[in-house]
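Student: Protein chains in written order, with the working numbering: chain H, 2 to 188; chain Y, 1084 to 1218.
For the record, the hints were derived by calculation from the structure and aren't laboratory data.
Do not take every clue at face value.
[To be verified] Derived DSBU-like pairs: lysine-lysine, alpha-carbon spacing no greater than 30 angstroms straight-line:
| hint | chain 1 | residue 1 | chain 2 | residue 2 |
| --- | --- | --- | --- | --- |
| 1 | H | K152 | H | K79 |
| 2 | H | K176 | H | K152 |
| 3 | H | K91 | Y | K1176 |
| 4 | Y | K1188 | H | K49 |
| 5 | Y | K1216 | Y | K1110 |
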Amino acid sequence: MSRASGPRSGDAIFASVERVNAELFTLTYGAIVRQLLTDLEEVEEVNKQLDQMGYNIGIRLIDEFLAKSNVSRCVDFKETADMIAKVGFKMFLGVTASVTNWDADGTCCSIVLEDNPLVDFVELPDTCQGLYYCNILSGVIRGALEMVSMKTEVTWTRDMLRGDDAFELQVKLLKQVPEEYPYKDDD
Amino acid sequence: MATTACFIIVSRNDIPIYEAEVGSAVKREDVAHLHQFILHAAQDIVQDLAWTTSAMFLKAIDRFNDLVVSVYVTAGHTRLMLLHDSRNDDGIKSFFQEVHELYIKIILNPLYLPGSRITSSHFDTKVRALARKYL
């Protein structure tokens, strides 16, 4: 594979990767959530499980992201958030998100998704009102950022399935873990 | 708009999963019960007729006084049944086709169990709007 120099745009990567049919993807994810609801019974538990599954995806996905996107190290958290919204979401979900609501010290922001392929056809019934249907996404972001030494907390602040006008993920940087070697020189 | 129209969806297991009185006539409980009774009685005819034709829309399969029963059978044998007193066949056909589309969206919802009651208020609003438009 030839290596282009410099970072590639999300659109360029999205155009070159293999894709699956959107309905197949949506319904597969739906089937997973449905099964979790049957198995775990508690909506809270399903939220936790989805987040954990997302985390497990995220810690692997970050490698693919770095390999394909050719981005270099981000200088600050702002650039990181932009990278997730503009390149990451485009590359894996085919949608672009926007980043807003920065707090004063630049450690907390919101990623807003106008369009979300995961929720096509979905309508929350009365029995699942507490469900964060897309909780897998927050897990993915948390997992991916943890692998590049950023501890974050990701929560949903707006959810279209609950009647809001968009999906909004609040990403809060808790601390940056300095990179450390697992061994000491004198050992 | 028709003065009397009663619309129900019956699942393949013969359980009614959605009901709506969509006529413009004043709602009366005894009349609603009569409508259910007529539609229930028409079930046998639907069952026989559904296998004799490849068409989904079975028009005017049964009648009771001036009320007529038209049925739309989906590929999965869910029956959309309409009791009506109007003779607007084209409108009824379009109504069924559009409700069918809505119904497909409902069963594509991963959180909906096929064969259970349709409780979505969105669906209800849309069906009533279609009834106003076509019947």
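Student: Confirm or reject each hint.
Tutor: To see whether the hints hold, each was checked on the structure:
1. H/K152 with H/K79: holds, 15 angstroms
2. H/K176 with H/K152: holds, 5 angstroms
3. H/K91 with Y/K1176: violated, 42 angstroms
4. Y/K1188 with H/K49: The given pair, whose Cα atoms are some 28 angstroms apart, holds under the 30 angstroms limit.
5. Y/K1216 with Y/K1110: Since the Cα atoms of Y/K1216 and Y/K1110 sit roughly 19 angstroms apart, the hinted pair holds (cutoff 30 angstroms).
Hint 3 from the list above is the single one not met by this structure.
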